[in-house]
Every structure is written in C-alpha cells, then in structure tokens.
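Each chain, written out:
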Amino acid sequence: MAGLGEKTKAYLESRFEISAIREFAGKKKVPEHKRSFWYFFGGICLFLFIIQVLTGILLLLYYTPSVDAAHESIQFIMSQVKFGWLIRSVHSWTANILVGVIFIHMFSSFFLKAYRPPRELTWISGFLLLVLFLAFGFSGYLLPWNELSFFATRVGTDIAGVIPVVGKALKTFILGGPEVSGATLTRFFWLHVAVLPAFSLLIMGIHIILVQTLGMSKPIGIGEAKEISFFPDFILKDSLGWLIILAVVGAVCVFLPWEVGPKADPFASTPLGIKPEWYFTFMFTTLKLVPAHIFTIEGELLAVMGFMLGGLLLMLVPFLDRRAAREKRSPVFTAFGLAVLVYIIVMTGLTYLAPDIGK
Amino acid sequence: MPVKSSLREMKRRSRLLLSALLFMSMPLAVSAQKNSCVECHLQMDDALKAPAEGFAADVHKQFGLGCEDCHGGNPAQDDVELAKDRSFKGSPERAKIPEFCGSCHSDSATMRKFNPNLRVDQLALYWTSRHGQLLKEGDASGAVCTDCHGVHGIQPSNFPKSQVFPWNIPQTCGRCHSNAETMKAYGISVRQVDDYKQSVHARALFEKKDLSAPACNDCHGNHGAAPPEVTSIAFVCRQCHSSAGDLFSRSPHKEAFDSLGMSECEACHGNHKIISPADEMLAGGQNDICLQCHDAGTEPHQTGLEIKRRIDDFVASSEAAGKLLASAESKGIEVSEAKFKLQDSLSSLVLARNLTHGLSLPEIETSLGDGAKILAEVMVSGEAALREAKFRRSGLIIATAFIILLALALYLKIRDLQRSPKHQR
Chain A
403 MAGLGEKTKA
413 YLESRFEISA
423 IREFAGKKKV
433 PEHKRSFWYF
443 FGGICLFLFI
453 IQVLTGILLL
463 LYYTPSVDAA
473 HESIQFIMSQ
483 VKFGWLIRSV
493 HSWTANILVG
503 VIFIHMFSSF
513 FLKAYRPPRE
523 LTWISGFLLL
533 VLFLAFGFSG
543 YLLPWNELSF
553 FATRVGTDIA
563 GVIPVVGKAL
573 KTFILGGPEV
583 SGATLTRFFW
593 LHVAVLPAFS
603 LLIMGIHIIL
613 VQTLGMSKPI
623 GIGEAKEISF
633 FPDFILKDSL
643 GWLIILAVVG
653 AVCVFLPWEV
663 GPKADPFAST
673 PLGIKPEWYF
683 TFMFTTLKLV
693 PAHIFTIEGE
703 LLAVMGFMLG
713 GLLLMLVPFL
723 DRRAAREKRS
733 PVFTAFGLAV
743 LVYIIVMTGL
753 TYLAPDIGK
Chain B
12 MPVKSSLREM
22 KRRSRLLLSA
32 LLFMSMPLAV
42 SAQKNSCVEC
52 HLQMDDALKA
62 PAEGFAADVH
72 KQFGLGCEDC
82 HGGNPAQDDV
92 ELAKDRSFKG
102 SPERAKIPEF
112 CGSCHSDSAT
122 MRKFNPNLRV
132 DQLALYWTSR
142 HGQLLKEGDA
152 SGAVCTDCHG
162 VHGIQPSNFP
172 KSQVFPWNIP
182 QTCGRCHSNA
192 ETMKAYGISV
202 RQVDDYKQSV
212 HARALFEKKD
222 LSAPACNDCH
232 GNHGAAPPEV
242 TSIAFVCRQC
252 HSSAGDLFSR
262 SPHKEAFDSL
272 GMSECEACHG
282 NHKIISPADE
292 MLAGGQNDIC
302 LQCHDAGTEP
312 HQTGLEIKRR
322 IDDFVASSEA
332 AGKLLASAES
342 KGIEVSEAKF
352 KLQDSLSSLV
362 LARNLTHGLS
372 LPEIETSLGD
382 GAKILAEVMV
392 SGEAALREAK
402 FRRSGLIIAT
412 AFIILLALAL
422 YLKIRDLQRS
432 PKHQR
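Each protein sequence line maps, in turn, to chains A and B. All residue numbers for the first sequence refer to the working numbering, where the first residue is 403 and numbers rise by one. All residue numbers for the second sequence refer to the working numbering, where the first residue is 12 and numbers rise by one.
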C-alpha cells in the first residue's frame, strides 16, 4: 500500500509540482495585529461563493427558466423535491449574506487602506467582484418569477433606462424587449448561470492569486507585526468562521425558509410598497427622495450619474489616495468612506423604517 | 363693347346683392346663438335661476336642444314679451309632465335623431305603474318623470351622478318612500330603503361597487314600477338566483307554498332586508327559519336538523384542515398546493348550501362527500407537513450539534497551535 501511495505522490508531483505549492503554503505568513480580524471576511466570501455554486448546480436539476414553468418549478422544489426547500433556502439566504459580507470586506479593506501599492489590482478585482455579485443578485431575484421579483425588476430596469445616451438601448438589451417578459427571464437565467459565473471565476481567480502572492496588507502605522502561518493557523481560524456561518444559515433556513410568493401577473397593477433587494434600496430611496429637477437637470438622471461616478471613484481609489500610497495616513479618504457608509446605512434604513418617504 | 359693358354691369350688381345679403344675414346668425331665456333667468332669484344653471349640464343640451324645444317661445328676442310669443308653453302642470316628456320620448321618429338605442315605451310603461295609476286617478302626488330624473340638469342613466344610476336609485326612491308624511296616505311602510341598506344586495352595490347587484328598480321595475305580486316574487329572484330557484321548484316546498299562496324566496329570506344567508338559518340554528312553519320535533324539522348537522360537520372538518395547514405554514413548510385543494373542497360546501333549497339530503350528502374526500387529502398533506417540520427541526439540532462539536475541536486545535513554541516565535 505504501508503495502505491508513494507512486501516486510521485505521479502527481511530476505533473503538478505539489511540493512547490506545499512549500509556498508552508512559508506563507499572515500578519497578526489588533485589526487582523477583518482578514477573515475574504475567506467567508469564498466559502459562501462555494455554497452558491453547489446549491445553484443542484437547483438547475429542477428549475425551468420559462414564464409558464419557472414559478411552478420553484414551488415544486420547495414542496416536493427531497431537501429542495433546504437547497433553495440556503442558495437564497447565502446569496444575501454574501452580498452583505462583500460590503463588509470592501469597507474594511477601504478603511485599512489595503488598496495601497502594490495591491491596486487586488482592490480593482475585488470591486469588480462586488459589481458582478450585485448583478448575480439582480438576475437571480427574477428567476422565481413571483410578483415581488417581477415588479422589482421592472423598477430596477427603469433606473437603467435613465442613463443618458445608452439608457434606452441598455434597458431594451437587458429586458430583451420593452417590458419584463419571458425574454427577460431567459436572459437573466443565461446571465445568472453562464455569463456571470464565468467572469466571476476569472476575476476571483485573479483576486485570490494576487492575495496569495502579495500577501495580506498591513494597516498604515503597523510596522513589524507578529505573523502566523497561513497553513494551518490562518486556515483553521478561517474554517472556524465558516462553521459558525454554516450553523447560522442552517438555523435561518429551517425557521425562515425563503418564500415562493404568488406567481407574477404582468397584467396586474404594481403592488404597494414594492422595493428591490435590500442591497439596492439605498439607490432606490435616493431616487425617491431626489427632487424632480436640480437646476435644469432631471433629478433622477443626476442621481444615477452620481452613483456611477461614485462607483468609478471607489474603483480608482488606489490611484487617487496618494498619501496612503506613501504609507501616510489619509483622513480625507477615511472621512469620504465613512460618509458613503453612513449614507448607505441611513438610506437602507429609511427604506424599511419610512417606506412612504418621498412619495 | 355693349355686350362687355352689360357683363361688367351684371358682375357689379351681383357683388352688391351678395354684400347686401351677407349684411342682412349677420343679425340672424348672431340671434341663432343667443339665448335670452338663460340670460334673464341667470339674473333672477334662486328658484327661477336654478333651471338656467342646471341646464348647462343637461343631457338635452348636449344633444343640441334648447329651452324653446320644451317650453316654446323665442330665445332670440331680448324683450320678454316678444320672447314669450304665441308658441310659449311655460312650465307644464305636474299631472301633464309624463305626456310632456313623452311627446318626444315616445316618438320613435324624434328619438331616432338623437339616440336610436333609447327605448320609446317609457310612457306606456309608466301608465301601467302604480305611480301612473295614481296620477290617472287624479292623485298628483304620484311620482312623475321629473321626480326621478330631475328637471333641468337631467343626466343619462349610465352617468354615475345621475339620480337613476344604480347606486343613486335607493336614495332617489327613498326621497318619497322614506318620507312618512308622503307615504301616510298610501299606508306604505317607510322602512324599505333603510332595510335595503342593510341587505347583502346593498353591500354588493355600495361597498363592492357591483353594478349588477339589484337596486329598487331591478325587482320593482323602472318606468312600470309596481310591487311584485306574491306569485311573481320567485320569478324576480330567479333573474339572478336561477340555480336556487330550480332547486326550490323541485323541492317538496314548491307544492306546499303554491297551495298556501305563499311567496317563495321571500318567505325565508325576507324582501328588502335580505341579509347574507347563513347556516344559522337552517333547522336548529340560532335563526332557525324552519320553525316559522314546522314545529320542532316534526319529521320535516328533523330532516332540516340532519341537513344542518352534515353541513356543520363539514365546516368543522374544513376549519380543522385550515388550522392544520396554517400551523404547518407558520413552521415554514410550503403548503400552497394543499391550500388550493382546501379551497377546492369549499366549492362542495357552497354547492351543498345551495342544495338546501332542494331539501334533498342524498344530494347534499353526495356533494359534501366529494368535498370530504378532498378534505381528507388536505388533512393527510397537513399532517405530512407537520411531520416534515418536526423532521427539519430535529435535523437542525443534530446538524448544529455536529457543527458545534467540530467548531469546538477546531478551537482547541487553534489554541494548541497558539501555545506551541513554534507559534510563540
């Protein structure tokens, strides 16, 4: 037996250079300081993504992406398929938790100024992953073809239509026509299970390779920090976090399985209080609050442009924050990040606490 | 040359003639738009001003008719004496109003010019009505056209503000029929409108805005309004409730009611105050209407009790199934299909309740039996859903315990590693 084991090891070694990987993992160190807690959120994102992929693949066994069968197939999964309720609930709940954790990971990296050279591309790839996962959320939300998702998609794509020059064409492209229809469902499905996973895997691969090769960033002002080995110390701590998340997700899915909702009726009037998924609500409420016109420009247009500009600035922050690049504190950028964070929290809170605001 | 000159002269004269004609016709054109009736009446006191104000929104005005078309006279004249010329008819006497309106509304040739769809038998029907008969007998308080349709400011009956639009009819009829002073002479109760407002029909009309729900005219008639005879009440109700009517006709009650000269539907459901039918109206219920004719303990009453018992049993099973599904749903189990089935079973109950009009216990049993089979399936689904909920919770406890154990082991390992001399370095 030992001979077979050795032979297999040698076979793999000659093809994959496993010893090099093991050596790299053995040497790899992770800084440990009072803020190293935030490092774990990247690993949690990866863990939740893996859950998304696995549960998504299982859902594909029964889900049918057509207007006539989408809602029915979800209902079938939830009521008839063995553990279908668990798979779908885990998929939906972890999708939401994942977006939340990505936001935490991004803001923690922002405030720790982890985007400093040479990690600009790590930051940009991370930002692109946030955009991709928001697109995952938006496209996945419509797939059950229920009343809430149908009208939320209508509201969401109306926002896209506001973008100057390309807005209308973009909206038509997203919807596959002038309205949310069967064509939209097919497109969103195509986007959700083919296009977005392909891009995500590519960018996530780059992101992880960059994190592994460049290592974790130490916050400004922390000179010589204590270090722990990536394997097994950091990985074990990461795994502990993953287990806690798994237990929480399990409990949530048993007590609050993700609801199916009534089937979408395109001819029905928009139900009261319709709103998008929680991670889009800060934009939604802003659009409700913005005046019809600011000077001579349409308020909605200005808000959408503002969000796009804000996103662009956030993505390019490694090149804008020159003080941080020189290992100096940059309170202006910290204040800017804080303002954005407070804004997102306040607007999201207002959506749920004062739903009639701006009507 | 002389020919040319005469031609030129002719042209000149023609131009002069044309100009003169145009000049002479101008006052005529102006006077055609003038309406001195409205101009003067708008400056008068309330009672005389009201017709001019109201006529602005009148359906007759919309069809191009003016004051003179009903009242005669010449509205083109400024002078009152000249305006009230020989054709002036003034206001018709109350007793003559039906004929006054009927002069156009009963003339198909006239009505065709304005609205070919409008019936022209209103006057003929009116004379058959109780109102028309009273007028014929010389009682001028009998309702005439204007009492229901208004005078100036008449709206088409399909216009929601019209006095004869379905949800305004009870109020329109009630102006006289709820007035004790007016009704005293006729010995008619004044409770009808108040009673009607408490009825299931009024709820449908006023709350659900269901225009197909009956108002006064749907049972009593419009222009030929009269109280329905005892024998005709059933036919009136059957206009909408045909199924219940058919069942009743097949029931033993039909012959008994006919021989006793009793009205059919009204005997149990009442007339104006027709409340929502309930199981409590059945034998043994709180509002047992069978007792009106049958003594307790008699065979017919016993049959009634049996019918109610079957229905009550089904209702109880249905409620139990509903509670079971609600409980499973509150535990997070998807039970929409079972809920749909429960809804389906209720159609058997609706059918059985209707079948009570036929008094056939076997038919009721068959209908409830069909529903009971569906209910049994719902109960099975509900119980399975509850078992599933229990299974999920047990599974969660086991899985969580396993995860906690694993997490604990990991924690201990991490602590071990942190204490190791390698880590200390």
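Hints are not guaranteed to be accurate.
[To be verified] Interface residues of chain B toward chain A, partial, derived using beta-carbon atoms under 8 Å:
1. T121
2. A410
3. Y422
[As the list claims (entries may be wrong)] Derived DSS-like pairs: lysine-lysine, alpha-carbon spacing no greater than 30 Å straight-line:
4. A/K484 x B/K401
5. A/K484 x B/K384
6. B/K342 x A/K677
Think of the hints as simulated: they come from the structure by calculation, not from any bench. Backbone N, C-alpha and C define an ideal beta-carbon position, used for all residues, glycine too.
Consistency of the hints with the structure:
{"no.": "1", "hint": "T121", "result": "violated, 45 Å"}
{"no.": "2", "hint": "A410", "result": "holds, 6 Å"}
{"no.": "3", "hint": "Y422", "result": "holds, 6 Å"}
{"no.": "4", "hint": "A/K484 x B/K401", "result": "holds, 15 Å"}
{"no.": "5", "hint": "A/K484 x B/K384", "result": "holds, 26 Å"}
{"no.": "6", "hint": "B/K342 x A/K677", "result": "holds, 26 Å"}
The structure fails to meet hint 1 from the earlier list, while all remaining hints are met.
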